[in-house]
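For this one, chain A is given, so just place chain B on it according to the hints.
Chains A and B, in that order, give the protein sequences.
Positions 1 to 125 (the numbering used here) are the ones given, in order, by the first sequence.
Positions 1001 to 1448 (the numbering used here) are the ones given, in order, by the second sequence.
Bear in mind the hints are in silico, worked out from the structure with no lab data behind them.
The structure displayed is predicted, hence computed values, not measured ones.
Backbone N, C-alpha and C define an ideal beta-carbon position, used for all residues, glycine too.
Heads up, some of the hints might be wrong.
To spell it out: a stretch of chain B is covered by chain A in this simulated footprint if at least three of its residues, at any positions, have a beta carbon under 8 Å from a beta carbon of chain A; those stretches are [claimed, not checked]: (1) 1025-1037; (2) 1054-1062.
Listed next, with one range per pair, are the computed distances between beta-carbon atoms [claimed, not checked]: (3) A1101/B <-> T68/A: 27 to 33 Å; (4) L102/A <-> G1047/B: 39 to 45 Å; (5) A67/A <-> A1045/B: 19 to 25 Å; (6) L1226/B <-> G40/A: 55 to 61 Å; (7) G1047/B <-> L37/A: 20 to 26 Å.
When the alpha-carbon atoms are kept at most 20 Å apart in a straight line, the in silico EDC-like pairs for lysine to aspartate or glutamate are as follows [what the hints assert, rightly or not]: (8) K5/A <-> E1074/B; (9) K76/A <-> E1033/B; (10) K1059/B <-> E4/A; (11) K1276/B <-> E1099/B; (12) K1059/B <-> E1099/B; (13) K1385/B <-> D1318/B; (14) K76/A <-> E1099/B; (15) K32/A <-> E70/A; (16) K32/A <-> D1030/B; (17) K76/A <-> D24/A; (18) K32/A <-> D1042/B; (19) K32/A <-> E1033/B; (20) K76/A <-> D1034/B; (21) K1059/B <-> E1033/B; (22) K1059/B <-> D1030/B.
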Amino acid sequence: MRIEKDLVAAAATPLVLGILLDGDLYGYAILKRVGELSGGSLQWTDGMLYPLLHRLERLGYVTSLWATSEVGRRRKHYAITDAGREQLAERQAQWTVMADALRQVWQDAPRPAPPRLATGAEGWA
Amino acid sequence: MGLDADLEAQVDRWRGYVQRRQAIAAADVDELEDHLRGQIDDLLATGLDHDEAFLVAIKRLGNLDAVSQEFAREHSDRLWKQLVLVPDDSDARTPAWRELAVVLAVAVCAGVAVKIGFSWSEGGTGLARNLGLLILPFLAGYFAWKRRLTAPVLAALVASVAGLAVLLNVYPFAESGSTELLAALHAPVLLWALVGVAYLGGRWRSDARRMDFVRFTGELAIYYTLLALGGAVLVALTVAVLAVVGIDPEPVLGGWILPFAVPGALVVAAWLVEAKQNVVENIAPVLTRVFTPLTIVMLLALLAVLATAGGLGTVDRDLLILMNAILVLVLCLLLYSISARDSLARPGLFDMLQLALVIVALAVDGVMLTAMLARITEFGFSANKIAALGLNLLLLAHLVRSAWLTVGFLRGRTPFSALERWQTRYLPVYGLWALVVVVVFPLAFGFA
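Next comes chain B alone, as it looks inside the complex:
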C-alpha cells in the first residue's frame, strides 16, 4: 500500500507499544494493525494528510489501557503466558512436529549411547571420562540441525569432538590417577564450549549471542532440575507400588530407565528452553535476586570460619576443592544476574549487592590462593594443585575486573555494557584452560 515511510514508522512504533501488553497476543496485534491500516487508508482517501489520518485512526481505536483490559477480561489466561510447544496454526504445523520428532530422536540416541557406554565400560573409570562425550555431542547435534550450521563449522565441531574422544581414550591414564580425574572433570567444560559454538550457529564472535548462551545455560539448569524432580517423584511412586506388589524394579530402573531418562531429559530441557525463550519470563533473574544476598551471607560465614580455623597451610584438601566449587557457583550467579539485567537501567541497590558479592568472593579467593600457595611450598607441585591454582587465578582475574567495572558503573563512568562485554569475552578463557588440563596435563604429569 502507498503508505509513506514516515507513516510506516509510526505504525511500527504503535505496534511495538501494543505488543508490550500481555493480554494482547501477537495475532491480535496483527488484527488490530489491519484495522488501523484500513482506517488510515479510508481517512487518507477523504483528504486527510498522513499525520491526521494516523491520529484519527489511533483515537478511534480507543484508549489502549481500556482495550487491553477488555482483552484481558476475555483472555485472562494470557496473563499467565502460555507455552505453546506445537502451535495448532495449520500452516506452521509441519516444522513444529518435525522439531519434536528430531528432539525425541536425539534424546533416544543419547540414551542409546549412554547405554552402550555402560555395557562397554563395565563399571570402570572409562565411563566417567567419556560420559560427557556420550551425551553432549547429541545436544550439539540438535543445535547444529536447528541452526542449520554451515559445513565448515560443522566439520570443525565434528573434528573437535572426535579429537577429544581419541585423546581421552588413547592416553594411557594411570589407574585412578589424578590426571584422569582432572580430564574427566574438565572434558564436559570443553564439550559445553562446543555445544555453545553449535548454539551460536557459528556466530561465536557476537557478544550478544554469547550472552544468550549464558542465559540458555542458566535456564537449562533450572528446567533440567524441574524435569529431574518430576521424574524422581514418578520413579519413586512406581518403585513404591512395585515394591508393595513384590516386584524388584532395580534391574529395569538402573539398566534401562535411568540411562535413557537422564540424558534424554537434558535434550528435552534444551528444547523447552529454546521453545519458551520469548514466551515465559526467565526464572533465572528472579532466582539471582533471591540468592545473591544469601550467597553474600554464606561467603561471609565461610570467611569467618576460615579465618578462625588456624593456619592456612593445614587447610584440608577437600575443603579447597569444595571452596573452588563454591566460587564457581558464585561466578555463575554473577553471570546470570548480569545476563538478566536490563543494560540500560540506572545503577541501583541490586548492583551494589552484586559488587558486595564480588568483593566477598574476591576475599574468599584470596584466602584460597594463600592456602594453596602454602600447600604448594610445603608439599610441592602436583597436577591437582596446579589445576586448582590455575582455576583460582582465572577466577581472580575475572572477579577483579568485574569488581572494577561494577565500581565504574555505579559511579556512572562506564556503561553497563562494558561489564557485560567483559563477561562474554572472558568466558572462552575457561574453555581454553579446560583444553590445557585435558590435553597438556596428562602429558606433563606422566598420566599419573
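For reference, chain A alone in the conformation it holds in the complex:
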C-alpha cells in the first residue's frame, strides 16, 4: 500500500517528534524507525527529512548537536525540546479527533466501493 504524499507530509511532524520522544536520534535512524513503525509502507524521500528537521529546529521544537559516530563520521543528532513536546501533545489531540471522526464515519457508512466501480466517481473527485 502506498500512502499519499500529502498525508505523509501532514503526518511527518508528529511522527518525527514522537520518535524523538524516545530519545535523541540522527536523521538516518529516524527514517529507519519510521520504516519499522509503518511496516515499510510509510516511505518518504529520504532527502526531504532534513529540511523538515531544520524547520522543526528553527521553530524550536528540536535542538541539534554534532557528534561523532562510532565509525568516526560527523553526525548530527536531534533532540526534542519542551516546546516540541507541547507541539506534539497538540498534534496528538488533533490527530485523535481526526481519527475518531474518520472511524465514526466509516462505522456508519458502508465500506467503500471496490476500485472497479470507483471509476465513475473519478470526475467528481
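For chain B alone, coordinates are given in the frame of chain A:
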C-alpha cells in the same frame, strides 16, 4: 568503514555535486553524506554489491533538485550567501576570535605608526615618501601571522622592508626634486610586492597563488572603497551635527580619527577579503564586464582627441602622466578579467572585447611612446621621462604579448592558461622596475 576506494570516489563525486547547490550548506552536505553512508552500509549488509548499494541509496535520497528546493524554502537566506566572520560553532570559536583580535591589533599598530609619522614629519615631504612604509608592513605582518611564514621568508621580508626604510631616509633627496617624488610613487609598489610574498606564504613561485594575490588585490580595492564610503558618510553626519552644536571637529578628526581610520580600514578590508573568499561571489568579475566596454569607448575617445590635438611633441607633461595612469588602470582591468575567468570556458564574445581593449590600449601606448620620445629628443633626458618611458615600455611588452596570446586563444591554438601564466609571470617585472626607480634613479640622477 570498509567502503572500497571505488565507492569512496563515487561518494566524493556525489558530495561535490551536492555542494554546488547554493541552498545546501556544507554542514547539510555532511549530514546528507552521513545518511547516504549509513544507508549504503545497511544495503551492503543485505547483500547488494557496491554499485547497487550506491545507486539505491542515491535513489532513496531523492531527486536532488527537489531536495535542494526544499532546503531553499527552509533557508531562503542562503541564496544570499552569508558572510560568517566569527562562526558560532563552539569548537571553532577560539581561532576566529583570536584572528579578529590580531586584525584589530594590527590595524591599531598601523594607525599608531601613521600618527607618529605625522608628528615627526611636521608636514614635510618625508611623510609622503614613508607613508607606504608606515602602513603596508603591518598588512604584511598580518599575512605573515596568518600564513605562519617560515623563519627564512620572514627574515627576508623584514630585511627588505628595513633596507627600503633605510634607503628612503638616508638618501639625501633634493628639496622637492623629481627623484624623491618618483621614489615616493614607486616605494608602495615595491612594498605591495612584499605584501604579496607574505600573502603567498612564501610560495611566490606558484602561478595559481600569484593569481590569487591579483584577485585579492582587486577585491581589497573594492572593499576598501566601500569601507571608505561608509566611513565618509558617518564622518560627514557627525561633522554636520557637531557643526550645528557649535563644536569644531577638525582637530580630533584630522589629528586622530583619520590617521587611525584610513590605515586601519585597509587592514580590516584585507581581513574581510580573506574571510569571505569562498563565501560571496567576487564582485571584480562583474565590474570588469561592465567596465571593459566602457573603457574601450573611453580609450577610443582619447585616441581621437590626441590625434586631432596637433604635434605630439607639444603634448603636455601632465597629460602624459595622466595617460600613464589610465594605461595602468586598463592593465588592472585586464588582469582582473583574466583572473576572474573560468580558464576552461570556450572563447566567447567577452574575450573578443578584451582583445579589443588590449589593442586600443596598445594604440594609446604607441602614441604615448612617440610623444615621449619626441619630448626626450627635444628636451633631453630627465629622471621623470626615463621613469615614464620605462613604465610604458614594460606596459607595451605586457600588452603585446597579451594580445598575441588572446588571438591564439580565440583561434583555439593556445589554451587560456597560457594567457594567465603570462600575466602572473610578468607581474614581478613591475616590482623590479619599482626597485630600480627607488634605488638606482636617485643615485643616477644625483638626487635631483
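These are the hints, each one checked on the structure:
1. 1025-1037: Satisfied; 9 residues make the cut.
2. 1054-1062: Since three or more residues must qualify, the claim that chain A covers the segment 1054-1062 of chain B holds, with 3 doing so at under 8 Å.
3. A1101/B <-> T68/A: 27 to 33 Å: holds (30 Å)
4. L102/A <-> G1047/B: 39 to 45 Å: holds (41 Å)
5. A67/A <-> A1045/B: 19 to 25 Å: holds (23 Å)
6. L1226/B <-> G40/A: 55 to 61 Å: holds (56 Å)
7. G1047/B <-> L37/A: 20 to 26 Å: holds (25 Å)
8. K5/A <-> E1074/B: holds (19 Å)
9. K76/A <-> E1033/B: holds (11 Å)
10. K1059/B <-> E4/A: holds (19 Å)
11. K1276/B <-> E1099/B: Holds, at about 14 Å.
12. K1059/B <-> E1099/B: Violated, because 43 Å separates the two Cα atoms, which is more than 20 Å.
13. K1385/B <-> D1318/B: Between K1385/B and D1318/B the Cα gap is close to 12 Å, so the pair holds against 20 Å.
14. K76/A <-> E1099/B: violated (28 Å)
15. K32/A <-> E70/A: holds (18 Å)
16. K32/A <-> D1030/B: Given that 20 Å is the threshold and the Cα spacing comes to 19 Å, the pair holds.
17. K76/A <-> D24/A: holds (10 Å)
18. K32/A <-> D1042/B: Given that 20 Å is the threshold and the Cα spacing comes to 10 Å, the pair holds.
19. K32/A <-> E1033/B: Measuring from Cα to Cα gives roughly 16 Å; hence the hint holds.
20. K76/A <-> D1034/B: holds (9 Å)
21. K1059/B <-> E1033/B: The hint holds at about 14 Å.
22. K1059/B <-> D1030/B: Judged against 20 Å, a Cα distance of about 18 Å means the pair holds.
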